[in-house]
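Q: The residues making up each chain are set out below.
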Amino acid sequence: MKIALSTSGHCLGSPVESRFGRASRFIIYDLEKEIFEVLDNKVNMNAPQGAGVQAAANVLIAEVKVVITGHCGPKAFNLLKNAGVSVYLAEGISVSEAIKLYQSNSLKKQESADVDGHWQ
Amino acid sequence: MKEIVVISGKGGTGKTTIAASFAALAENAVMADCDVDASDLHLILRPVIKTGNRFFCGHEAEIRKNDCISCGACLANCRFEAVKMNGDVAGEAEFSIDASACDGCGACVYLCPVKAIDFHSRYCGEWFVSDTRFGPMVHAVLAPGAENSGKLVNLVRMNAKKTAEETGGNIIITDGPPGIGCPVISSVTGADAVLAVAEPTLSGLHDLRRIMELARHFGIRTLVCVNRSDMNTGISEEIEKLSAESGAVFAGRIPYDDEINRAHDGGISIIEHGKGESVGRIREVWNETRRNI
Amino acid sequence: MSTGTGSKTAGKIFTVAVASGKGGTGKTTVAISMALCAETDVQLLDCDVEEPNAHILLKPSIQGNEHVSMPVPFLDEAKCTGCGKCSGICAFNAIVFLKKPLFLPDLCHSCGLCMKVCPGKAIMEKPRHIGILEIGAKGDVGFVSGCLDIGIASSPALIRAVRKQSKNAGLEIIDCPPGTACSFVTSVKDSDFVLLVTEPTRFGLHDMTLAIKVIKQLKLPFGVLVNKSISDDDCIGKYCSSEKIPLLMRIPDDRSIAEAYSRGVDLMEVKPELKDGFLKMIDAVRAIAEEDGGK
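Protein chains in written order, with my numbering: chain A, 1 to 120; chain B, 121 to 413; chain C, 414 to 708.
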């Protein structure tokens with residue numbers, strides 16, 4: 001199974017990036033094979049709007065089942081949820097620590113959109 | 121490191137007065153002006169710019185006159201009334217784009233039969249990292265009439281955090297935008313606390329309710345203070361009651377004070393000015409704020 | 414007139430946009446006072462659709478509502494070939510493509526491009542509700558106000574709808590949103606005159622200069638009203654005389670005005686003696702706009 005982690009760096013020692021849609025890139029980690037690839041998210045990082053949903057589409061195309069990030073907005077969250085992807089929250093730790101915590105069931109699962117993009 | 125954002129719902133309640141005072145009272149702080157639409161904090165903090173960066177966001181269309189065959193497809197495809205036709209007949213008239221009306225959708229660009237329309241990145245403003253007499257400051261100006269201040273606000277906050285990390289700052293004091301729209305949301309998400317500056321008027325009370333609801337929605341600790349509280353003591357009391365009922369911390373009342381404008385005319389904060397009834401009260405609001413973050 | 418649109422010049426409507434770079438300067442108070450003082454047919458349009466406040470002071474009786482919507486795309490699945498072109502061209506990231514397009518109306522700007530480029534003609538449009546217009550009157554003053562639905566980010570579309578309610582005669586006064594961003598531009602565009610309401614403080618002056626930059630780009634004639642005025646020799650007065658900007662009126666800094674406002678009482682009720690000043694200002698505004706139009 002593959003999982004996606006938002007990050008500002010390029011490797012497993014890089015920190016988990018708190019933002020989802022405007023993260024610099026994603027590490028797509030394969031739990032069985034223990035290998036990863038890096039998915040660039042620069043286009044969405046600089047998008048005027050809709051960064052979250054397009055980032056969600058990209059991780060869905062990469063066929064992940066789990067996303068680990070700091071905050072995930074409602075549009076992206078609903079898109080992921082409808083596609084059967086779970087979102088877990090992590091912040092202030094490295095990608096590899098986040099993977100370990102996920103594997104030991106220690107990460108908090110996001111049940112609903114915690115940060116609303118255009119709330120009025 | 122902590123981050124406190126001064127917000128107001130309604131404009132003109134004294135947000136910047138408070139933010140500038142906090143800058144003068146805090147130690148080891150980094151200041152961020154997120155009111156990129158109509159920033160004023162720099163008038164008091166008088167930053168010396170160290171680095172400036174241009175900010176681009178979205179696109180705008182521009183017709184290359186030499187390549188245009190004057191068919192009028194752009195006019196027919198634009199839903200934002202941004203294509204101007206100078207002349208009466210297609211084939212002869214001169215077509216141009218009114219940049220202030222262009223939404224950057226690209227319909228004219230894609231649908232132009234001779235590809236005579238360019239789609240530039242839109243220049244939307246600038247942001248700066250500066251020094252002030254109270255510490256570093258990150259601020260920005262939105263280009264006149266430009267949109268997407270939410271994104272520029274994000275840039276300011278990210279760089280304020282970065283600056284605080286680099287300089288060992290322990291608190292970020294942010295002057296937020298008015299209203300409850302997208303730029304405000306960009307200013308407050310993930311902050312440690314917001315201080316809502318309210319004025320005791322019917323509109324002020326109405327807008328305070330909405331801004332408190334917004335802070336609650338994002339689970340951000342909320343403090344409330346009333347500025348010019350003696351203008352209507354009845355509504356001031358109502359504001360105090362409202363903040364108690366909704367779980368916010370009431371940080372104090374600040375009386376109307378002529379000295380504030382005098383201080384600002386001289387380009388200094390009311391705290392440095394040192395005269396006036398409000399000085400002591402703003403100090404109390406600051407102490408209360410500090411205790412709560 | 415150089416600034417009016419064709420349809421407007423045909424009628425004898427005269428549009429004054431009341432604006433201010435800074436919030437809280439008394440823009441709404443001035444807009445309402447002008448409407449109440451004017452003796453011609455007059456209509457007040459509240460274009461501050463995010464925080465419509467004019468009704469609190471004017472207290473009009475509302476005679477009708479009108480729903481405002483904008484077109485958003487939907488898919489005829491049978492015709493969709495899954496080419497993904499719609500998602501690729503959308504400038505607003507409003508179409509997510511996973512085998513088939515998924516349209517996100519919250520992000521859509523209603524440009525219609527996806528529908529036009531779809532090779533299989535599989536995209537059609539349906540209306541989406543964005544807000545309500547309230548149409549009413551207070552005595553002889555016509556009133557239109559727009560209220561944006563919660564969670565809708567497209568104020569300009571609703572502002573355009575408010576402005577379409579314009580009658581084709583008399584005096585039209587627009588209460589503009591604060592700031593200088595695109596909702597401000599949409600509100601002042603094609604007006605005959607922009608009246609900038611400011612206060613004589615450093616902040617007031619600075620924010621006014623920001624608004625002036627935009628108004629100059631739009632090539633609209635404009636003038637200034639100083640609210641909470643203490644002295645004729647203030648920073649606004651100096652700026653206006655050095656920049657040759659007409660300073661049209663001063664409303665004195667008077668505690669009774671602020672207190673009345675705090676209770677939702679309009680200026681004309683507290684200070685009826687200002688009526689003359691407002692009427693003179695409206696005449697001056699017309700004269701300046703005509704002179705500008707003659708250029």
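Source of the hints: derived by calculation from the structure; they are not laboratory data. Keep in mind that the hints are not guaranteed to be accurate.
[Said to hold, decoys possible] For lysine to aspartate or glutamate, the following DMTMM-like pairs were computed, each having C-alpha atoms within a straight-line distance of at most 20 angstroms:
| no. | chain 1 | residue 1 | chain 2 | residue 2 |
| --- | --- | --- | --- | --- |
| 1 | B | 204 | C | 603 |
| 2 | B | 281 | A | 91 |
| 3 | C | 641 | B | 379 |
| 4 | C | 629 | B | 218 |
| 5 | C | 641 | B | 218 |
| 6 | C | 641 | B | 385 |
| 7 | C | 651 | B | 218 |
| 8 | A | 81 | A | 34 |
| 9 | C | 513 | A | 63 |
| 10 | C | 512 | A | 63 |
[To be verified] Stretch by stretch, here's where chain C covers chain B in the computed footprint (C-beta under 8 angstroms, at least three residues):
| no. | stretch |
| --- | --- |
| 11 | 149–162 |
| 12 | 293–302 |
| 13 | 314–325 |
In this text the structure is predicted, and so the values were computed from the model without any measurement. For each residue, glycine too, the CB sits at the ideal point set by N, CA and C.
Q: All the hints need checking, so say for each whether the structure fits it.
A: Here's how the hints hold up against the structure:
1. Restraint check: the Cα-Cα separation between residue 204/B and residue 603/C comes to about 13 angstroms, which is no more than 20 angstroms; the hinted pair holds.
2. Restraint check: the Cα-Cα separation between residue 281/B and residue 91/A comes to about 15 angstroms, which is no more than 20 angstroms; the hinted pair holds.
3. Restraint check for residue 641/C and residue 379/B: satisfied, since their Cα atoms lie roughly 15 angstroms apart, inside the 20 angstroms limit.
4. Note on residue 629/C and residue 218/B: the hinted pairing holds, with a Cα-Cα distance of about 14 angstroms set against a maximum of 20 angstroms.
5. Only pairs whose Cα atoms come within 20 angstroms are accepted, and residue 641/C paired with residue 218/B is rejected, the gap being roughly 37 angstroms.
6. About 15 angstroms separates the Cα atoms of residue 641/C and residue 385/B, which keeps this hinted pair within 20 angstroms; it holds.
7. Restraint check for residue 651/C and residue 218/B: the C-alpha separation of about 33 angstroms exceeds 20 angstroms, so the hint is violated.
8. Taken as a hint, the residue 81/A and residue 34/A pair is broken in the structure, with Cα atoms around 25 angstroms apart against an allowance of 20 angstroms.
9. At roughly 16 angstroms between alpha-carbon atoms, residue 513/C and residue 63/A fall within 20 angstroms of each other, so this suggested pair holds.
10. Between residue 512/C and residue 63/A, the direct Cα distance comes to roughly 13 angstroms. Compliance with the 20 angstroms bound is thereby established for this hinted pair.
11. Against chain C, the stretch 149–162 of chain B contributes 3 residues with a C-beta closer than 8 angstroms to a partner C-beta. That satisfies the three-residue criterion, and the hint holds.
12. Given a C-beta distance limit of less than 8 angstroms, the hint that chain C covers the stretch 293–302 of chain B holds, as 5 residues qualify and 3 suffice.
13. With 6 residues bearing a CB less than 8 angstroms from a CB of chain C, the stretch 314–325 of chain B meets the requirement of three and the coverage assertion stands.
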